[in-house]
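Undergrad: In case you want the letters, here they are:
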Amino acid sequence: MEQQYIKPPVEVRYAEELKALEQSDTGRKPENWRLSPKAVRTFILGGTADTPDGKVKIRRKFYGNDPLVERCIITLAGSRGLMLVGEPGTAKTMLSELLSAACCGTSTNTVQGTAGTTEDLIKYGWNYALLLAKGPCREALVPAPLLVGMEKGIFVRFEEMTRTPAEVQDCLISVMSDRIMNIPELGDDGIVMARRGFNIIGTANTRDKGVNEMSGALKRRFNFETVAPIKDVALEKEIILRETEDLAREGHIDMPVDRDIVELLAVTYHELREGRTSEGTVVERPASVMSTAEAVSVCFQTMSHAWYYGGGKTDVGILTENLIGAVCKEEQSDIEKLKAYFRTAVRQKAEKVGGAWIAYSETEGSLR
Amino acid sequence: MDSILGNGRLAQINEISGGLLRYDPEGRLMLFPVRHHSPVCSYQLIRAIDEFSPTVILVEGPENANDLIPVLTAEDTELPAAIYYFYKDKGGLINDLGQDYRCYYPFLTASPEYNALREGRKRGIPARFIDLPFCEILINTSENSGLCRPDERVSYADDAKLTRSDIYKALCEKTSVSSFDEFWEKYFEIEGLRLSAEEYYYALHSYCIMNRETENISAMTEDGTLVRERHMALRIREALDSGERVLAVTGGFHSSGIAELLSEGKIKPVRLHKIPADRQGCFPAAYSYEAADSLNGYSAGMNSPAYYDNVMKRLLSGEDKSSVFDSCSLDLLVRTADEASKKDSPVTISDTSAAESLMKGLAALRNISQCGLAEVRDGVTSAFIKGEMSPSYDMPLRILARLASGDAVGRIGDKTFQPPLVADFEKQCASHRLKISDSVQHESDVSLFSGKSGLALSRLFHRLDFLRTGFCVLAKGPDLHSGADRNRVREIWQYRRVPQVDSVLIDRTADGFTIAEACTSAAARALDGQHKSAQTAQTAVDCFLMGIPLTDEQYLSVLGSIDGDGDIFSLGNALECFSRLCSLQELYGFLDTDYKKLLSRCMEKLIYLLPYSADPPRESAARLTSIMRSMYSIAARLLPHLCPDLEKALDTMISRQQKEPTVYGTAMGLLYSFDSSRRSDAESALRGYLNGSAGIRKLGADYLCGLFTSAGDIVLADDVFLKMTDELITGFDSNDFLEILPPLKLAFSRFTPSEIRSIAHRIAQSYSSDGNDILFGEAVDEALYLFGQSIDREVISQLGGADK
Chain A
1 MEQQYIKPPV EVRYAEELKA LEQSDTGRKP ENWRLSPKAV RTFILGGTAD
51 TPDGKVKIRR KFYGNDPLVE RCIITLAGSR GLMLVGEPGT AKTMLSELLS
101 AACCGTSTNT VQGTAGTTED LIKYGWNYAL LLAKGPCREA LVPAPLLVGM
151 EKGIFVRFEE MTRTPAEVQD CLISVMSDRI MNIPELGDDG IVMARRGFNI
201 IGTANTRDKG VNEMSGALKR RFNFETVAPI KDVALEKEII LRETEDLARE
251 GHIDMPVDRD IVELLAVTYH ELREGRTSEG TVVERPASVM STAEAVSVCF
301 QTMSHAWYYG GGKTDVGILT ENLIGAVCKE EQSDIEKLKA YFRTAVRQKA
351 EKVGGAWIAY SETEGSLR
Chain B
1 MDSILGNGRL AQINEISGGL LRYDPEGRLM LFPVRHHSPV CSYQLIRAID
51 EFSPTVILVE GPENANDLIP VLTAEDTELP AAIYYFYKDK GGLINDLGQD
101 YRCYYPFLTA SPEYNALREG RKRGIPARFI DLPFCEILIN TSENSGLCRP
151 DERVSYADDA KLTRSDIYKA LCEKTSVSSF DEFWEKYFEI EGLRLSAEEY
201 YYALHSYCIM NRETENISAM TEDGTLVRER HMALRIREAL DSGERVLAVT
251 GGFHSSGIAE LLSEGKIKPV RLHKIPADRQ GCFPAAYSYE AADSLNGYSA
301 GMNSPAYYDN VMKRLLSGED KSSVFDSCSL DLLVRTADEA SKKDSPVTIS
351 DTSAAESLMK GLAALRNISQ CGLAEVRDGV TSAFIKGEMS PSYDMPLRIL
401 ARLASGDAVG RIGDKTFQPP LVADFEKQCA SHRLKISDSV QHESDVSLFS
451 GKSGLALSRL FHRLDFLRTG FCVLAKGPDL HSGADRNRVR EIWQYRRVPQ
501 VDSVLIDRTA DGFTIAEACT SAAARALDGQ HKSAQTAQTA VDCFLMGIPL
551 TDEQYLSVLG SIDGDGDIFS LGNALECFSR LCSLQELYGF LDTDYKKLLS
601 RCMEKLIYLL PYSADPPRES AARLTSIMRS MYSIAARLLP HLCPDLEKAL
651 DTMISRQQKE PTVYGTAMGL LYSFDSSRRS DAESALRGYL NGSAGIRKLG
701 ADYLCGLFTS AGDIVLADDV FLKMTDELIT GFDSNDFLEI LPPLKLAFSR
751 FTPSEIRSIA HRIAQSYSSD GNDILFGEAV DEALYLFGQS IDREVISQLG
801 GADK
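Each protein sequence line maps, in turn, to chains A and B. The opening residue of the first sequence carries number 1 in the numbering used here; numbering runs sequentially from there. The opening residue of the second sequence carries number 1 in the numbering used here; numbering runs sequentially from there.
Rather than coming from a laboratory, the hints here were simulated on the basis of the structure. Since we're looking at a predicted model, the values are computed, not measured. Just so you know, not all the hints are guaranteed correct.
Unchecked claim - Once the Cα atoms are required to be at most 27 Å apart in a straight line, the calculated BS3-like pairs of lysine-lysine come out as:
no., chain 1, residue 1, chain 2, residue 2
1, A, K219, B, K723
2, A, K219, B, K174
3, A, K57, A, K19
4, B, K342, A, K57
5, A, K29, B, K745
6, A, K231, B, K342
7, B, K745, B, K723
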């Protein structure tokens with residue numbers, strides 16, 4: 001199955017790990033959860049699972065803030081929804097997928113919030129042919145993710161919630177309060193009560209803050225967690241390396257990830273995001289999002305180029321060219337900021353550290 | 001616990017130093033390891049005292065404070081309290097700098113050391129400190145290491161060694177906790193309560209020995225660890241030799257070191273120095289949770305002292321240990337919710353309930369038997385913060401941190417050992433009837449010149465302000481530093497005795513035993529660090545306001561700063577300060593310092609520098625002209641013997657090729673003031689500007705500005721300057737006129753309204769008009785005026801070019 005899809009869902013991608021954890025799980029489970037909170041923690045933060053066939057290593061999938069993951073798990077076992085907020089590219093969506101897959105066995109019961117999202121895309125719609133033929137009946141009802149989640153007792157993932165108009169968001173209030181959805185068209189049969197295990201994981205990026213601010217009433221029904229960018233450059237490097245390796249494996253690119261490229265990218269992204277180099281020089285932050293996910297994408301792009309055109313040899317010049325596309329999206333001045341970074345930080349590192357930084361510094365000319 | 005710290009540790013501990021670290025209730029020595037401010041450490045220590053029944057309790061702490069133990073443990077002393085140690089290295093035993101050193105040894109309800117002393121008192125067992133006296137610790141420590149650091153607030157209770165190695169990181173990783181604080185709370189506080197005293201003793205020894213194994217000998221020599229351990233071991237040996245059953249309470253890091261020394265047999269005593277009593281000492285002091293926390297973090301004991309003190313208080317009152325952390329955490333959560341709601345960050349009952357259930361869930365997930373501070377933080381983070389974690393939303397977390405840290409202040413019951421500076425402060429406040437028995441803000445209206453008491457009170461306030469005690473703020477009154485509001489004869493002070501006032505006064509004890517002495521030392525220190533005359537002059541003003549004469553050394557220091565200062569602006573500020581002090585000396589009844597000599601030295605230096613300052617940057621010209629005017633006025637009033645030198649300097653100044661026009665004008669004006677016959681020089685200078693190119697003509701406005709600033713009467717004497725000014729103005733076209741308008745307006749702003757009227761009248765006469773027409777008549781439309789002007793020009797040109 002993994003072979004057939006560009007991006008298989010988490011429960012497919014990590015099916016073996018989930019199975020091993022399920023087999024070894026002796027902890028208490030909230031009703032209708034696939035794994036216990038302790039096993040969910042192990043699935044996300046890594047560890048081992050003792051199966052009848054021996055110990056299975058569980059890979060760490062989320063880095064940076066272990067207590068946050070623990071809080072998320074416990075929140076989902078309670079009566080409140082979970083709202084993950086943070087800068088774009090901080091792995092909010094990935095975390096919500098991991099949580100859904102581990103707790104409910106599925107991460108695909110999702111609403112994608114946009115300016116055009118309406119209530120029927122969240123709650124339920126109608127098959128109009130059947131509606132006209134048979135009138136309002138259960139058969140004519142098309143359940144949307146919220147209704148599916150309630151009926152099956154699984155999580156609903158609501159992506160980019162603050163991009164959805166506030167009045168549409170508010171349709172969640174009554175469901176989250178009473179755990180009941182009323183479908184008036186169905187009369188007495190229209191009361192749907194949520195099964196145990198139902199909950200909502202929302203995500204919202206802080207750049208959208210103010211587009212459609214959540215109402216106070218809705219906020220009260222969620223616990224908020226802020227997912228921050230990774231502060232440790234060594235950890236960021238490790239994430240870029242691992243994620244790129246995964247992408248390469250999935251894309252059948254059979255070559256090792258160039259560690260120098262990863263180092264250059266991790267440091268560049270980290271320093272541009274923080275606005276300060278490791279030497280203490282202040283650099284201007286680009287308006288674009290300097291997320292780890294973007295760095296992974298640039299790294300994979302550079303690797304793909306090497307695989308298809310470079311005979312398996314990674315070219316630092318291509319890395320710089322890819323960097324332009326990734327960094328200079330929002331404002332024209334971002335290219336100047338990137339140039340300034342090369343003039344100051346990269347040159348300095350080329351002198352002090354040497355190695356791959358020298359070649360990287362020499363590609364400054366391609367920044368046009 | 002054994003599995004976390006490594007199996008076999010117990011056996012290792014029992015083997016160390018011939019079994020001296022073995023937990024043996026029947027033995028003669030127990031070396032109990034502690035972490036400062038740890039409530040469960042205290043709890044287990046009390047249990048160990050019960051089981052061991054010592055005949056003497058020895059506690060890590062500088063032994064020169066042994067006399068203060070009864071004061072600290074007295075019923076009427078309220079914690080937090082501290083022992084304040086100071087040492088003045090006037091004999092140069094530490095280095096050649098002769099610096100003063102100080103440190104606090106804080107005691108909270110949760111401090112094991114305090115509980116050991118208190119148990120001693122309760123059971124009638126002698127208890128005493130066994131560490132080297134504070135001064136000896138410093139003498140035996142390398143500079144910038146251990147307690148011998150230049151930090152303002154060094155704590156004796158330094159826990160840095162517990163987290164210095166990477167061991168705690170490995171343990172955190174192994175146990176899936178994110179920080180040392182969480183690791184400690186989980187295993188040594190919450191789970192530590194479930195252990196017996198013996199199990200706890202071994203667990204803590206295990207952790208500390210692991211840490212010590214990674215420490216190198218040279219680092220321990222440098223920071224004085226080894227020499228202190230030798231002294232502590234010696235004191236323990238002495239007690240053992242006299243037949244006592246000894247319970248020694250020391251930081252866990254030291255225990256194995258001390259055991260090793262004791263097992264080696266003879267211990268070489270540390271050589272102690274004879275230090276005069278006035279150069280070293282210690283006092284009991286009221287302390288605050290806030291200060292205890294700011295010293296904390298990884299380096300000095302547990303953080304959030306109020307929270308852990310609450311745990312200890314409940315344990316002491318006999319509360320069930322299996323729920324004590326749960327109840328303290330819930331109490332903290334509810335108080336946080338309550339406070340947050342009062343501060344416009346509403347927290348509902350539902351939020352509090354969600355936070356509590358989250359805390360319990362997290363404790364279960366983390367395998368902790370009770371909720372600790374980490375769980376409260378997580379509960380608040382998740383359930384109380386409704387948005388992105390940012391300063392706009394994280395108020396509940398800030399409230400939680402404040403409540404966990406605490407804001408209570410202790411009190412020392414027995415005043416016998418009250419720090420002298422605090423005693424002097426209270427005495428002086430009492431003599432001036434200032435209300436200091438509460439922490440409410442009061443106001444005092446001080447009449448400066450109606451009697452001696454007013455000035456004395458003002459000086460007390462200024463002294464306390466200078467010492468930065470935070471006791472008082474001057475709300476209204478003359479400001480002699482800037483020269484503002486000098487007409488005021490009263491000062492209004494707002495004052496309030498908050499705990500920080502006492503803390504600062506105790507801190508300042510190293511500076512002197514009275515407030516006056518402390519101010520003198522502080523002023524001397526301030527002058528030492530200042531090299532610009534403007535700064536030393538400000539300190540001299542402080543001393544003047546405080547009624548503290550400059551000592552000979554300080555006086556020379558001020559003179560030195562003037563001699564060494566090459567900055568004309570700094571010297572100008574100093575000149576104005578000293579001039580103010582000279583004028584007010586008699587009024588303030590403060591004739592102890594010769595300010596005139598300082599003034600004269602300033603003036604001489606300025607006269608020397610003046611000729612070189614003819615062309616300052618344009619933005620500094622205004623300040624320079626103001627200094628030049630001050631120089632003239634001060635020389636004429638107070639230093640007439642320097643007038644010829646000033647005149648000569650101005651002469652040299654104007655002879656310079658490059659001159660800033662405003663400065664030039666000011667210099668010409670001052671020379672005219674010295675000698676009215678030099679009027680023609682001022683005229684020809686202006687003529688020079690008039691005859692120049694358009695650019696030079698524009699500078700004429702600046703010249704006039706400077707000239708009128710220093711000698712406004714020059715324009716009133718006759719019409720020559722007025723006509724030249726008129727010529728200057730009418731020579732500009734419309735755009736240029738708008739450009740020079742600001743300096744011209746500034747130039748004429750120096751005149752009084754009656755002088756302006758007189759000038760207007762004379763200009764009007766020269767145009768055959770009435771002054772009133774110009775001042776009060778209807779303004780002519782600019783376009784109409786320009787049209788008339790062009791007709792005039794055309795007529796003149798048609799008449800034969802009379803304008804050529």
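Undergrad: Need the list of violated hint numbers for this structure, in ascending order.
TA: Numbers 1, 2, 4, 5 and 6, in rising order.
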